[in-house]
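So the protein sequences, as listed, match chains A and B.
Heads up: the first sequence at position 146 corresponds to 146 in the numbering used here, and the numbers run straight through without jumps.
Heads up: the second sequence at position 112 corresponds to 327 in the numbering used here, and the numbers run straight through without jumps.
Mixed in with the good hints, there may be bad ones.
To be verified - Below are the BS3-like pairs computed for lysine-lysine, each with C-alpha atoms no more than 27 Å apart in a straight line:
{"id": "1", "chain 1": "B", "residue 1": "Lys260", "chain 2": "A", "residue 2": "Lys100"}
{"id": "2", "chain 1": "A", "residue 1": "Lys70", "chain 2": "B", "residue 2": "Lys415"}
{"id": "3", "chain 1": "A", "residue 1": "Lys173", "chain 2": "B", "residue 2": "Lys222"}
{"id": "4", "chain 1": "B", "residue 1": "Lys253", "chain 2": "A", "residue 2": "Lys100"}
As the list claims (entries may be wrong) - The calculated label-pair distances, taken between Cβ atoms and stated as ranges, are:
{"id": "5", "chain 1": "B", "residue 1": "Lys415", "chain 2": "A", "residue 2": "Ile212", "range": "43 to 51 Å"}
{"id": "6", "chain 1": "A", "residue 1": "Ala9", "chain 2": "B", "residue 2": "Ala322", "range": "29 to 37 Å"}
{"id": "7", "chain 1": "B", "residue 1": "Leu241", "chain 2": "A", "residue 2": "Gly180", "range": "36 to 44 Å"}
{"id": "8", "chain 1": "B", "residue 1": "Asp419", "chain 2": "A", "residue 2": "Tyr181", "range": "22 to 30 Å"}
{"id": "9", "chain 1": "A", "residue 1": "Lys7", "chain 2": "B", "residue 2": "Glu221", "range": "26 to 34 Å"}
Rather than coming from a laboratory, the hints here were simulated on the basis of the structure.
All residues carry an ideal CB built from backbone N, CA and C; glycine is no exception.
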Amino acid sequence: MALLSKKDANLILDPLADNNPITIQVLGICSALAITAELKASLVMALSVIFVLGVGNVVISLIRNIIPSKIRIIVQLIVVATLVIVVDQVLKAFAYELSKTLAVFVGLIITNCIIMGRFEAFALGNGPWKSFLDGIGNALGYGVILIIVGFFRELLGSGTLFGLKVLGDPIAKTGVYAFGYENNGFMIIPPAALIVVGIIIWVQRSRNRALIEEN
Amino acid sequence: MAINTEKNLYTVLFAVVMVIIVGSVLAFLASGLSDKIKENERFEKQQNILYAMGVHENEGEGSVNFIPTDRVEEEFSKFITKQLVINGSEVTEDNEAFLIDLKKQLAAAKDGVTPKLPVFIGEKEGKKFYILPMYGKGLWDAIWGFISVNEEMVVQGVYFDHKAETPGLGANIKMRYFMDDFIGESILDGNRYAGIAVAKGNNDPVNEIKDDNEVDALAGATITGNGVSAMIRESVNLYRSYLETIRQQ
Numbered sequence: 001m002a003l004l005s006k007k008d009a010n011l012i013l014d015p016l017a018d019n020n021p022i023t024i025q026v027l028g029i030c031s032a033l034a035i036t037a038e039l040k041a042s043l044v045m046a047l048s049v050i051f052v053l054g055v056g057n058v059v060i061s062l063i064r065n066i067i068p069s070k071i072r073i074i075v076q077l078i079v080v081a082t083l084v085i086v087v088d089q090v091l092k093a094f095a096y097e098l099s100k101t102l103a104v105f106v107g108l109i110i111t112n113c114i115i116m117g118r119f120e121a122f123a124l125g126n127g128p129w130k131s132f133l134d135g136i137g138n139a140l141g142y143g144v145i146l147i148i149v150g151f152f153r154e155l156l157g158s159g160t161l162f163g164l165k166v167l168g169d170p171i172a173k174t175g176v177y178a179f180g181y182e183n184n185g186f187m188i189i190p191p192a193a194l195i196v197v198g199i200i201i202w203v204q205r206s207r208n209r210a211l212i213e214e215n
Numbered sequence: 216m217a218i219n220t221e222k223n224l225y226t227v228l229f230a231v232v233m234v235i236i237v238g239s240v241l242a243f244l245a246s247g248l249s250d251k252i253k254e255n256e257r258f259e260k261q262q263n264i265l266y267a268m269g270v271h272e273n274e275g276e277g278s279v280n281f282i283p284t285d286r287v288e289e290e291f292s293k294f295i296t297k298q299l300v301i302n303g304s305e306v307t308e309d310n311e312a313f314l315i316d317l318k319k320q321l322a323a324a325k326d327g328v329t330p331k332l333p334v335f336i337g338e339k340e341g342k343k344f345y346i347l348p349m350y351g352k353g354l355w356d357a358i359w360g361f362i363s364v365n366e367e368m369v370v371q372g373v374y375f376d377h378k379a380e381t382p383g384l385g386a387n388i389k390m391r392y393f394m395d396d397f398i399g400e401s402i403l404d405g406n407r408y409a410g411i412a413v414a415k416g417n418n419d420p421v422n423e424i425k426d427d428n429e430v431d432a433l434a435g436a437t438i439t440g441n442g443v444s445a446m447i448r449e450s451v452n453l454y455r456s457y458l459e460t461i462r463q464q
């Protein structure tokens, strides 16, 4: 990769797999459970987190030397909250439909532990460029899991993807429904997300045994 | 000179400066975008009202397609022939009636003030539509919508929306398959304004029975569904005296 040095590239690539914020660090689980019933919501959430974490990491990194350590958590919260409001307002003005989908999740972005976690663990101790890459990487790692979970939950729970009836019509009994297939209503409720995330963690750790904890 | 970032004075100053900067950025952004946001909200309301009277771009089965925002104002003035405001027993015409916030009016009604209730009269292909706004509570937050009826109090179309219902469950009240079920149902049960209940056990999933004041519920969204039933019942009763005058015409 000519564009980035190997070390910089790892900042983006590590969180995608071997140091994934959801499956390895087990952060940001709450929103992964709450919003993944539909693929579209997962995608919108992933994009918003990429923006907030990418920009937020840079801002925190730029002011890292002048933040009083006593109030650094509050400062971090203000930065996240501001960015989230900016996203919300801009979407409301220029992408109204999308903003309605997102509105529910704004609060969830502010409380997303991945964001505070990266501010605290990385941006406070590294330069803006590295922090930017780290933010994008972690947000992508989060987004990938969200999209995988959203894909399976919407497909198995509602028989649709992005609202399109990819498996046929359950009422008119076309497509796979003609053979007696039924949607699994359990996939729509949040516990199903826990099971899907669990399966992802299982698959990931059995493919790379180095990730399994000792005890 | 290195700054001592541990001093109390510095901490307070930092906090004050930070809040001022963040506050002005947000205030600047909010005032800069507020016109655009208000315009979007106005278009959305017009789209919703038109949707309830069946003016939309839906194709076959599938998703909800509104009249696009660039045409909505024109179509709104074409199809909505009259906008009325009911204030107690007084009925006046008001071309800005669609901007009335029903939530505020209902809150005022609780304090004993007579609410201003908007009604929209639409005309399409020689048929008349009486469109009423609705407002109620779902599981997590507000739900609202519009319902259009004809002179016989048979529903011609509905539109529902919500603030924060669960995606994939309660949020499905704004899906077409749910809203389409209401068309053809009557809000009258004999002479009683019963509204339309979202019922779990009505054994009518394809909605063939149109005289039972019931539509099939959404699985996993009992409380949102009950909220929809209550919202329709309450709105219809709020407009009862006006609806009576339409029936007697």
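Hints versus structure:
Restraint check: the Cα-Cα separation between lysine 260(B) and lysine 100(A) comes to about 14 Å, which is no more than 27 Å; the hinted pair holds. Only pairs whose Cα atoms come within 27 Å are accepted, and lysine 70(A) paired with lysine 415(B) is rejected, the gap being roughly 55 Å. As the CA atoms of lysine 173(A) and lysine 222(B) are separated by approximately 71 Å, the hinted pair breaks the 27 Å bound. The hinted pair formed by lysine 253(B) and lysine 100(A) meets the criterion: a straight-line CA distance of about 14 Å does not exceed 27 Å.
At roughly 46 Å, the beta-carbon separation of lysine 415(B) and isoleucine 212(A) lies within the given 43 to 51 Å, and the hint holds. A beta carbon spacing of about 56 Å between alanine 9(A) and alanine 322(B) contradicts the range 29 to 37 Å that was offered as a hint. The hint said 36 to 44 Å for the Cβ distance between leucine 241(B) and glycine 180(A), and at roughly 55 Å that hint is violated. Separation of aspartate 419(B) from tyrosine 181(A) is about 23 Å and conforms to the stated range, judged on CB atoms against 22 to 30 Å.
Between lysine 7(A) and glutamate 221(B) the beta carbon distance is about 32 Å. The supplied range of 26 to 34 Å therefore holds.
The earlier numbered hints that this structure contradicts are 2, 3, 6 and 7.
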